[in-house]
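Protein chains in written order, with the working numbering: chain U, 1 to 500; chain G, 1 to 451.
These are calculated hints, taken from the structure and not from any lab test. Just to be clear, a hint being listed does not mean it is correct.
Beta-carbon label-pair distances, calculated as ranges [unchecked claim]:
no.: 1; chain 1: G; residue 1: N19; chain 2: U; residue 2: G366; range: 52 to 60 Å
no.: 2; chain 1: G; residue 1: D95; chain 2: U; residue 2: T44; range: 52 to 60 Å
no.: 3; chain 1: U; residue 1: I121; chain 2: G; residue 2: N19; range: 48 to 56 Å
All residues carry an ideal CB built from backbone N, CA and C; glycine is no exception.
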Amino acid sequence: MKHRSHSEQHSGKRPRVPAAAASTSTSPQDGMEDKTPSNPRELTQNPLKKIWMPCKNGLPEKHISQRKVCMTNCPTLIVTVGLPARGKTYISKKLTRYLNWIGVPTREFNVGQYRREFVKIYKSFEFFRPDNEEGLKIRRQCASAALNDVRQYLTEEGGQVAVFDATNTTRERRETIIQFAEQNGFKVFFVESVCEDPDVIQENIVQVKLSSPDYANCNTEEAVEDFLKRIKCYENSYETLDEVLDRDLSYIKIMDVGQRYMVNRVLDHIQSRIVYYLMNIHITPRSIYLCRHGESELNVNGRIGGDSGLTPRGKAFGKKLSQFLETQGISDLKVWTSQMKRTIQTAEALNVPYEQWKVLNEIDAGVCEEMMYEEIQDHYPLEFALRDQDKYRYRYPKGESYEDLVQRLEPVIMELERQENVLVVCHQAVMRCLLAYFLDKTAEELPYLKCPLHTVLKLTPVAYGCKVESISLNVESVNTHRERPEVGITTHTNTHRYTQ
Amino acid sequence: MRGSCRSRNTRDRAVCMTNCPTLIVTVGLPARGKTYISKKLTRYLNWIGVPTKEFNVGQYRRECLKIYKSFEFFRPDNEEGLKIRRQCALAALNDVRQYLSVEGGQVAVFDATNTTRERRGTIVKFAEQNGFKVFFVESVCEDPDVIAQNIVQVKLDSPDYIDCNTEEAIEDFMKRIKCYESSYQPLDEVLDRDLSYIKIIDVGCRFLVNRVLDHVQSRIVYYLMNIHITPRSIYLCRHGESDLNIKGRIGGDSALSARGKEYAKCLRKFIQEQNITDLKVWTSQMKRTIQTAESLGVPYEQWKSLNEIDAGVCEEMMYEEIQEHYPLEFALRDQDKYRYRYPKGESYEDLVQRLEPVIMELERQENVLVVCHQAVMRCLLAYFLDKTADELPYLKCPLHTVLKLTPMAYGCKVESVYLGVDSVNTHRDRPENVRAQRTTEDALLTVPAHL
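Chain U on its own, in the form it takes in the complex:
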């Protein structure tokens, strides 16, 4: 529940628009409605996204009304807090990946990176000693340089969220950042990670510190010993976020890797989403298996969409998939399918319980459902060209776009984060979206990710990212992947001919 103090109520501030969307509306000022009844503006439908926009003389006027929800009125600066080896960078990278995937332009700024670029060669923990004046000076400079880049990103490059990843363990340092944010009109949200479990810290060091450039020339024991001394350098001056002293700040304190959370003054939608996300992720080792349904009847006919059954080869894949899973020896595997026949048939072959999710259904191709690409070219050449121009944002008439897909798949991603071992039997476009989330692919790359039939992708979180193993189950199938063609609006059928 929200506690609304007077200062938090904004008076009609115009929602901020990321660079990707249109700029401000030309309608009257906020809150000051036109007293004379005006003629409502004509609407035109944007050909790519099928969004209705006001227009003048047949040309669209810029309008802010396109985003699903205004995430925030002003840019947000997320600031990590915590001793070394508490998972700050893990959280920063994961959060950045998630926010970008759901469409919030986000970037992380790791002060340690700045330090490495500056100092070039890391000698030892002595650099971090609290009485090392030279070291302190350099570290302060690096933090300032990073904040400068933050300002650049949020103010000029259209960034919406910046994640400032550093220890930020003193109230003094945090105060500097708050002032910086205030001067620039950024909201601040702190994410603190507190943990005293020596096993967790040890595991952390092994997973991500040993392979750090800082320790390129050390053996394991040396590295661990030095790093533990490094942590000690921070401990004396560590001022954790305090319930009383920091009661006016917005923050989440994550304790013992997510066992407990303290959440203070969540101010807006995006902070609320960040909190929800952070409270659902975990670090228990597990694997996520992604695959498509077995080859379907419409697949072999070169048709998209529809709700057809499996071909004999598709059924063979189901059997092979069952065998494959058995060899994997997975404990407690959850199996999810869409509500389309072909994924359910595939899961049926596994002989285990499975859950059907409507939101895992394939992208809705609207008027192009069950067409061959050649037919789309014949009947809707302009649409076909528009799709190739911007496959991520292109929405089929009466259908969906990849961008829409991501929005509807967000609850799946959230639940995947909560779960452990899961097999998701889905569809080409859906699988591309999910894969893009795990592998941090851009909107441009996403619609062209290769997700062939009869191939399982095994994703295992490792260090700061995700290991991918691609396993073809050796059952023949058609190829449904259509490469990115040469760009250009043309109705020449040759350019866009689908090739098997």
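Model the placement of chain G on the given structure of chain U, informed by the hints.
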């Protein structure tokens, strides 16, 4: 939805909420919003399809005692009172067991003070014996203004104080709170570290969350962290009358008729007269809602999830045509309008799922006007007015009428404002004969008039 306890077949549900039933237990001194939270949470969970019921121990006490005399009943040294209160708690727990184990309930909200560790220990044991998970929701607040406001809003109207004047009631209630204070043991970070709970501090200013175990607990935490009690109003209306409306056709993406445009102008005037601070305006991504919002002359946000229900193969058909081409589908729809999914389209049940983020954002916001569609508006209205799955698809949401919803006490006040512009009626009541073999006449009996 309430009244539609589903079977536990996990294949049907979007996500298996939990493996075993969940017992939510409120904790807190009187006048800390426990019942408010219980009722709101119950309403939300039922709306998203998790069969939930609340059990208010105070209700049991009122049924047992018949007449409330004074705070003396709650004195910690009142043996008779303690005995009765313990019995009431047990009776309530018994009904909880019945609901979760026998009647297909998924979540039970046990609404009482539960302020001692001993009482909570009893409940935890009860839950363990029955295979229920326990999740505590504690509300802690020491702001005297908030507490006074709480007493005024919901205690003065309580059956307990029917024969008292305001001053007497407040005085007695304050003494009642005092009776609990000395024995109050709030959930403790150390002593209760193995329990699953959320502690809500100062009406949502701060939260402490411990050991969230599963999906439903995670959703509950997210919901509780997004609701607020700042006074505000939510305005719901449909787009102005559209060209397809006039023709008696469903779905599509048509423009406003002349009368629809007239309505948009009246809506603008109405909104101006309401003098609302900081009104947010949301529309769907369909032309008719956007055209309506354009007339308001203020910024608005388009939500694809507010689009009208997808009628699949029946898009842009008249009911007469649906009866002609898909008589079986038409009958199935009348048999279970909530769950019925159009071929290649959606059901009301699907709609609710896609509208959940809208509801969540509406909870976060303050004054909002949502310009949407008939089926969508029915779903949103059902959430605010706690309607069952059976009632939802038949809620009356006529064109050119604004519903103003204002949260009040434990519920929602509704004001229906007809803006005086004529329109077709698009409401089709459930006909008497829903059998597949019915005559065309029987099927079309309740179709509203159109061109």
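- Quick one: which hint numbers does this structure break? Sort them smallest to largest. Violated hint: only 1; rest satisfied.
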